[in-house]
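Asks: Spelled out from the first residue to the last, the chains are:
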Amino acid sequence: MAIDVHKALAYRFEPVVVTAERGRLAFFAKATGQSDPVYTDLDAARAAGHPDLPVPPSFYFSLELERPDPFCWLAALGIDVRQLLHGEQSFTYHAMAHAGDTLTLSSRIVDVAVKKGGALELLTKQTSVARGGQPIAKAVSVIVVRNPEAGK
Amino acid sequence: MTGVPHSDAGSELPPLIADQISRTTLALFAGASGDHNPIHIDLDVAHFAGQHDVFAHGMLSMAYLGRLLTDWVPQERLQSWRVRFAAITPVHARPTCTGRVVSVTDGLATVELTVTLPDGTVTLTGDAVVDLT
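Those sequence lines, one after another, are chains A and P.
Using the numbering used here, read the first sequence as starting at 1 and increasing by one per residue.
Using the numbering used here, read the second sequence as starting at 1001 and increasing by one per residue.
Please note that the accuracy of each hint is not assured.
[Unchecked claim] Listed below are the simulated EDC-like cross-link pairs for lysine to aspartate or glutamate, each with C-alpha atoms no more than 16 Å apart in a straight line:
1) LYS125(A) to GLU14(A)
2) LYS138(A) to GLU1076(P)
3) LYS125(A) to GLU88(A)
4) LYS116(A) to GLU149(A)
5) LYS30(A) to ASP41(A)
6) LYS30(A) to GLU1076(P)
By construction, these hints were calculated from the structure, which means they are not laboratory data.
Nothing here was measured: the structure is a model prediction, and the numbers come from that model.
Chain A with its partners taken away, still in its complex shape (with noise of 0.2 Å):
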């Protein structure tokens, strides 16, 4: 099915307010194989100099996905979550974030293309970091959306 392009762009998120939490960053650290202790041992954490353990790089991504049922806007705009493959990603960060933080996630569906006549609908989301009215992070994602039925 296609996207209605204005109900996408109209699209209002709730915004996502999160605390990062030590433990869920040390399980984020194991998952993702990290062995570098400043991302998962309080006392390296604070000899390299950071109040807590470092948000790293990535995880502002995942969390966005802490609202109550993190892909209900794709639900609402007729997407099957089946279908989406992610296509890029970007962050650009204005400070760090530690653990304890408590992070405010406001996002926006900033653009909706269509490719090889409309077997592929990429959207583009951006979601902006804050702490407290500071900037922490801006993030962008290109999902892809596969519409296998289109041109059949």
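With chain A's structure known, arrange chain P on it following the hints.
Replies: Frame of chain A; chain P shown alone:
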């Protein structure tokens, strides 16, 4: 700040060879990353979607690239980075992350990033801007 290596255009980052990705890796990463899309952890769903098996989250490979960068410089030196997911990473793959400095301008290094599988498949390409001042 400390731990910033001297680098010129053409410098290679020490490569990072990840462990082989098992189904356990994918289950742990689903939980730790919060990406519970069943296509990565449930064979029935993968089959329904026309895949012959589950495949790894793209963000798992991006996390490996993050390790490549933070093994090289302290994280606060990383200003921005972007990747394109070029190919699916199958379960049992063993990704290798590489980086090469392509330019250094006013202390800002542009690093070309690649993730490759042993059969030569390039799964991610991208670049990072790192403050080396």
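Asks: Now tell me, hint by hint, if it's right for this structure.
Replies: Taking the hints in turn, this is what the structure says about them:
| no. | hint | in the structure |
| --- | --- | --- |
| 1 | LYS125(A) to GLU14(A) | 14 Å, holds |
| 2 | LYS138(A) to GLU1076(P) | 15 Å, holds |
| 3 | LYS125(A) to GLU88(A) | 10 Å, holds |
| 4 | LYS116(A) to GLU149(A) | 12 Å, holds |
| 5 | LYS30(A) to ASP41(A) | 12 Å, holds |
| 6 | LYS30(A) to GLU1076(P) | 21 Å, violated |
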